[in-house]
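Protein chains: 2
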Amino acid sequence: MTKERAYFETLALQEHGRVCPNHVPEVYHFDRPMSLIAMRYLKPPHIILRKGLIAGIEYPLLAQHMSDYMAKTLFFTSLLYHSTSEHKRAVAKFCGNMELCRHTERVVFSDPYKVAQYNRWTSPYLDRDAEAVRDDDSLKIEVAELKSKFCERAQALIHGDLHTGSIMVTSDSTQVIDPEFAFYGPMGFDLGAFLGNLILAFFAQDGHADKGNDRQAYKQWILRTTEETWNLFQKQFISLWDEHKDGNGEAYPVSIYNKPELQLLAQKRYMANLFHDALGFGAAKMIRRIVGVAHVEDFESIADASKRAYCERRALDFAKMLLKERCRFQTINEVISAIQEIPAF
Amino acid sequence: MTKERAYFETLALQEHGRVCPNHVPEVYHFDRPMSLIAMRYLKPPHIILRKGLIAGIEYPLLAQHMSDYMAKTLFFTSLLYHSTSEHKRAVAKFCGNMELCRHTERVVFSDPYKVAQYNRWTSPYLDRDAEAVRDDDSLKIEVAELKSKFCERAQALIHGDLHTGSIMVTSDSTQVIDPEFAFYGPMGFDLGAFLGNLILAFFAQDGHADKGNDRQAYKQWILRTTEETWNLFQKQFISLWDEHKDGNGEAYPVSIYNKPELQLLAQKRYMANLFHDALGFGAAKMIRRIVGVAHVEDFESIADASKRAYCERRALDFAKMLLKERCRFQTINEVISAIQEIPAF
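So the sequence lines, in the order shown, correspond to chains A and B.
Reading the first sequence from the start, the letters are residues 1 to 345 in UniProt numbering.
Reading the second sequence from the start, the letters are residues 1 to 345 in UniProt numbering.
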């Protein structure tokens with residue numbers, strides 16, 4: 001990957017840090033010729049969230065912190081806050097990060113749906129499942145729509161790789177790192193990355209259960225966190241919208257959306273679209289981690305291949321359904337219920 | 001408006017001219033400091049299409065030429081043909097044309113829906129109609145969705161102002177001029193501009209009828225041309241897609257969309273979305289020409305204000321319905337039938 005990614009990572013850390021300093025580590029210095037970033041050291045006991053999820057550690061503030069991070073970074077870089085000129089200037093700047101966008105397009109929206117050299121899965125257990133993904137026409141049609149949104153829709157400055165490996169945590173601190181894939185894209189891609197990776201962590205728990213800990217309580221904590229993240233995000237995003245409705249934001253000027261009931265209607269429609277995007281992208285991110293090139297430690301750390309395949313298949317089946325049927329879900333609670341209703345095989 | 005618009009006009013003439021030289025006048029020279037464009041002189045009998053439509057002149061090749069122009073300029077600048085890197089580079093270049101994008105956003109998607117200084121309409125006849133537009137919540141919610149697509153979706157290099165005043169014609173030549181509003185935006189905006197302005201011309205005909213010519217036959221020619229434009233566009237766009245499906249286009253790689261029936265499904269979905277966009281944008285363009293700042297000569301040239309208001313109200317009512325209910329139309333024939341079924345008041 002291009003060395004220039006450090007430049008875009010720095011830009012994104014700075015832009016996101018300005019609007020959400022509590023959850024973005026400060027950049028002290030950037031040297032472009034050397035691609036050198038000097039930034040805040042996230043001291044122990046900070047660990048990568050994914051490792052905490054594998055270890056079964058609860059983070060009581062995670063939903064609150066991540067919804068705060070996503071609401072602020074997405075709202076303040078969207079046309080709900082930006083004027084058109086600010087937005088177009090910012091979009092143009094991040095168009096330069098094309099190599100990394102292209103990488104995401106391939107590994108998320110293309111490779112899992114075709115025979116590709118570096119695809120892998122828990123073989124032979126999932127051979128048929130991987131083939132079924134490549135043969136699922138309605139899945140491939142839906143993925144194309146998501147891909148087109150990813151490539152064409154400059155909705156906000158997104159992190160671009162917001163999985164649980166890009167987040168460092170302690171019990172009272174949540175820090176988002178590694179935004180090297182940042183660009184102006186669809187908000188749902190970030191929301192989906194985080195929610196989808198939480199759901200992957202949920203499905204992996206059965207593989208981490210042992211005599212001392214059946215992980216049942218922890219699975220419920222993950223689902224609660226998933227639910228709370230969306231609900232708190234939605235609440236905070238809307239309150240930022242209300243707070244800044246008289247500003248320069250081009251999308252819903254108060255001169256037109258001038259009645260409380262009309263504003264409510266606009267917000268409801270906006271959030272519904274965003275929710276469906278988030279579910280679609282989240283599902284796509286789950287699928288690619290099971291049959292694509294890059295896997296996640298949540299599953300990889302399950303040593304017993306048949307047990308791992310069991311967990312992965314349940315996650316994959318759920319993700320395929322979610323991607324295709326995302327628009328029938330109206331609330332995150334309905335999604336959580338759908339997960340809870342999946343029978344053991 | 002900024003002098004820089006000549007630069008973007010030149011860029012667009014060159015890009016579109018490269019893929020569709022038959023319908024885009026050649027640029028011989030551009031001097032950026034002077035904002036001077038030297039380009040092909042479109043000799044008489046070329047006239048502005050809008051004037052021809054007011055005069056009741058039939059252009060038998062218009063649908064064929066305009067569908068050719070739109071299919072080529074939109075296809076070859078989209079991700080159906082572009083790689084991501086080409087696309088992002090081109091998008092970034094045209095982000096500079098932000099002043100003119102902002103202008104369009106205001107006059108098309110904002111001003112008609114609020115009290116704005118320069119809005120006007122045929123008063124007092126349409127006073128209530130203009131007020132009804134400002135008070136129509138469901139219309140305003142739909143317009144916000146179109147505006148967001150206009151501002152955020154870099155689907156192809158669009159002309160950006162493709163009304164019948166931006167087209168010069170003779171009986172066998174059709175030349176598209178004035179792409180100073182060009183940028184990477186939604187394809188439906190160009191399609192809608194052209195189709196919407198043909199429909200405006202249709203509704204204006206009753207105001208141009210006189211004893212010598214009741215314009216009934218001409219009205220049918222306009223509707224036939226509207227219908228043929230979309231149908232020919234769709235046909236040619238799909239055949240360009242088929243022809244280039246093995247190329248660099250990022251959207252539907254043949255390695256994934258690898259079966260004829262799957263390709264067909266993808267094309268059907270793509271064209272349905274594009275059709276609904278075109279209807280929505282076309283309707284928005286119609287509305288803004290009746291109650292917004294800039295009007296069209298089709299109506300303005302009807303001297304009798306009550307007769308003009310009659311024509312405008314019929315167009316406005318149709319456009320409002322079309323904008324709100326665009327997704328219930330599956331074919332252009334259904335739209336044409338809906339126009340033909342409008343009763344005389």
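Take the hints with a grain of salt, since some may be wrong.
The list makes no distinction among identical chains, and a pair is therefore deemed to hold if it is satisfied within one copy or across any two copies.
[Claimed, not checked] BS3-like mimics (lysine-lysine), calculated; alpha carbons at most 30 Å apart, straight line:
| id | residue 1 | residue 2 |
| --- | --- | --- |
| 1 | Lys149 | Lys235 |
| 2 | Lys43 | Lys245 |
| 3 | Lys259 | Lys114 |
| 4 | Lys43 | Lys93 |
| 5 | Lys211 | Lys51 |
| 6 | Lys3 | Lys268 |
| 7 | Lys211 | Lys93 |
| 8 | Lys211 | Lys43 |
| 9 | Lys3 | Lys51 |
| 10 | Lys219 | Lys51 |
| 11 | Lys245 | Lys3 |
| 12 | Lys43 | Lys114 |
| 13 | Lys211 | Lys245 |
| 14 | Lys320 | Lys3 |
| 15 | Lys259 | Lys43 |
| 16 | Lys307 | Lys259 |
| 17 | Lys114 | Lys268 |
| 18 | Lys114 | Lys219 |
| 19 | Lys245 | Lys149 |
| 20 | Lys114 | Lys245 |
| 21 | Lys93 | Lys307 |
| 22 | Lys245 | Lys235 |
| 23 | Lys324 | Lys211 |
| 24 | Lys307 | Lys43 |
| 25 | Lys211 | Lys259 |
| 26 | Lys324 | Lys149 |
| 27 | Lys51 | Lys259 |
| 28 | Lys3 | Lys259 |
Source of the hints: derived by calculation from the structure; they are not laboratory data.
Only a predicted model underlies this, so the values are computations on that prediction, with no experimental measurement involved.
Report the numbers of all earlier hints that the structure fails to satisfy, in ascending order. 2, 4, 6, 7, 8, 11, 12, 13, 14, 15, 16, 18, 21, 23, 24, 25, 27, 28
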